[in-house]
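Undergrad: Sequence:
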Amino acid sequence: MNGSNLITLSLFILFAPLVGFWFTLILGKKVEKSYLIEIVISTLVLLTTIYVTFTKLFYFPDTKFVSEFTWINLGEMPLLGKVTVELGMMIDNITALMLFVVALISSLVHYYSIEYMKGDKRYNRYFAFLGIFTFSMMGIVLTHNILMMYIFWELVGLSSYLLIGFWFEKDSASDASKKAFLVNRIGDLGMFAGILLIFVNYHTFTFDKIFMAIGNGVLPFNSEFWLTIVGILLFCGAIGKSAQFPLHVWLPDAMEGPTPVSALIHAATMVAAGVYLVARIFPMMTGDALLFVAVIGALSAFIPATIALTQTDIKKVLAYSTISQLGYMIMALGVGSFAFGFFHLVTHAFFKAGLFLGAGSVIHAMHHEQDIMKMGGLRKKLPVTYYTFLIFCLAISGVPLTSGFLTKDGILAGTFAFGLLTGNSIFAITGFFVAMLTAFYMFRILILTFHGKPQDEHKYEHAHESPFLMIAPLVLLAILSIFIFYTANPFNADSGWVLSNWIKTPASVVPEHARYSFMVPEKMQEAAVKTTEHITHSEVYTEALHHAHIPAVLLSLVLAGLGILLAFAFYQWKKIDVDALTLKVKPLYTFSLNKWYFDEFYHKTFVSGLLGISNILAWFDNYVVDGIVNGAASVTRMLSRFSGVFDNYVVDGAVNLTATFSGLIGLAFRKLQTGKVQAYVVLVVFSLVLLLLFFVKI
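If you use the working numbering, the sequence shown corresponds to residues 4 to 701, in order.
It should be emphasised that the hints constitute simulated quantities derived from the structure, not laboratory data. Since we're looking at a predicted model, the values are computed, not measured. Keep in mind that the hints are not guaranteed to be accurate.
[Stated by the list, open to error] Cut-off 25 Å, straight-line C-alpha distance, at most; resulting in silico cross-link-like pairs (BS3-like, lysine-lysine):
#1 Lys587 <-> Lys577
#2 Lys124 <-> Lys181
#3 Lys124 <-> Lys36
#4 Lys607 <-> Lys319
#5 Lys589 <-> Lys578
#6 Lys377 <-> Lys462
#7 Lys319 <-> Lys182
#8 Lys578 <-> Lys181
#9 Lys577 <-> Lys384
#10 Lys589 <-> Lys67
#11 Lys377 <-> Lys173
Based on the sequences and whatever the hints tell you, model everything.
TA: Set out below in structure tokens:
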């Protein structure tokens, strides 16, 4: 098997969706079925990606393929030194896995959308937008440098804006697209600042060259503190793109876009780009930077999980669930559990995309009804949707024999190990508590939507299973949510081929004392005594992770089971009166229902503050800047009037007086100019006589 052609095939994977975008967009109004261009291209991209992924993972698991060229070469520049910018592509194991995730979800969404979007007046344009999004995501995945990643990062933001606001005639959709775009720019500004600091210090954007320089002891401004700052600034991009606290507010509103878009962008691919970014820069993250990442991840896992408990819009519950699961991944990376954090990105992409597509199937059957309180009893009407949705709920809850069990419990073991080494158990407590909440609110959706009696008889009577092109992706994603595709041992992901061969924690280039600064010295001493030989910080963490596995699995199973049991007790068996309990905890219920009042707080502070500053600037512009300009104009007009009067009466008066005087003299002398020679002779003689008399007198 030859791996030299993988880069060439990856170029096709990257640019084919862009070609499909242009052709579908240009021909959209002229050719009725131009969307088929995008369908064919997405299929070819998927097949090519399967080949590239299979070849890379099974034949070249330890080989990294890189191809680059110099894009800009300015030579030696003052202050900056040598300025060269390379663009290129890199294919390693996490690239291959991410390529497969993006290509598979994208193609399934394309097929699903054929039926779901049927009859839309901008049908072809919708598929064109899917193409530009796929191109942008592939660019993020394939790049080997942070600048090229940032370029495609912004293109993904543009694609998200176009797709969220696809039904722009609805104010809610257009507002949501603007909100998503603006909130993401906040995080992207931080990421851009980090990129600038990298270039100023290392004169390159290429990941491997940056890591090599740091490994050789070259730190930003010769300070570990600044290396931490650079890591945090780059992570700001992930906070925005992956909807992490405090920039998570855009994702629930983004559910105004078409449901397949929610599955593609806001569940499996775009929001996972932030996690992918952290995975890429993981080798250069200091311990303090990782601690910051872990804190943000824990908050992002906990807060949305509490909000999802009370929401009734099926897509918004899944949106908050997505934020919470992304928080899980970010927290895992922050506590050092790289392999399980990235592994969860892969498995979550499949079952969360399936949940969104399953929700789309329900919404389609219920004539665009999204309120789960108005559903019920749909498992008889939508059997395939129900059973696949059940598998997805089991997977996200971490039930054994599902992919979610493998990754979620690995993350919880990582937080458990972190607590053992630092004495700080807050991440483990958060992780386990969120696991219980997740199981509860996911089975709440399942029960209220599919079990019990119909709440709307009219819509229930007209409900029916979705067409083949909509349920086939659900079945495939449900199959991919089973453990067997990742490991032969359903209770130990470490023994599987994914973790043992494909996903490995990258070697850190940060000085060890800075990378593992969170470790308690006593833990190192204990480990050294047990092994009777020198042991590194990394080995201590690995050993702690191994010992934490069994307790974490058992505790997570108990809590997940408790969450599912409570959901059935509340909504299936009616053992607990939900309305009565709601009244008892009314403040907490209202707080959760209103999403912790984040939107109201941001509106009262940042939005109102920005509007207030804008009003002050507008007043300053109207009355100060315009006042100066208008005052200068008034003075100029006054000077112009004075100049006009002076010109009319003084300058023109002097000119006219001279002309009049000249005319009078002309009139006087005209009498003497008779044209008769005799008169001229007399005047000459008379003049000579006068002269003679004058000189004689003198």
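Undergrad: Hint by hint, note whether the structure agrees.
TA: Against the structure, the hints come out as follows:
1. Lys587 <-> Lys577: Holds - the C-alpha atoms of Lys577 and Lys587 are around 17 Å apart, at most 25 Å.
2. Lys124 <-> Lys181: Distance ~22 Å between Lys124 and Lys181 Cα, so the pair holds.
3. Lys124 <-> Lys36: Holds: Lys124 and Lys36 sit about 13 Å apart, inside 25 Å.
4. Lys607 <-> Lys319: 23 Å, holds
5. Lys589 <-> Lys578: Between Lys589 and Lys578 the Cα gap is close to 20 Å, so the pair holds against 25 Å.
6. Lys377 <-> Lys462: 9 Å, holds
7. Lys319 <-> Lys182: Holds, at roughly 16 Å.
8. Lys578 <-> Lys181: With a Cα-Cα distance of about 44 Å, the restraint between Lys578 and Lys181 is violated, given a limit of 25 Å.
9. Lys577 <-> Lys384: Holds - the C-alpha atoms of Lys384 and Lys577 are around 23 Å apart, at most 25 Å.
10. Lys589 <-> Lys67: 56 Å, violated
11. Lys377 <-> Lys173: Since the Cα atoms of Lys377 and Lys173 sit roughly 23 Å apart, the hinted pair holds (cutoff 25 Å).
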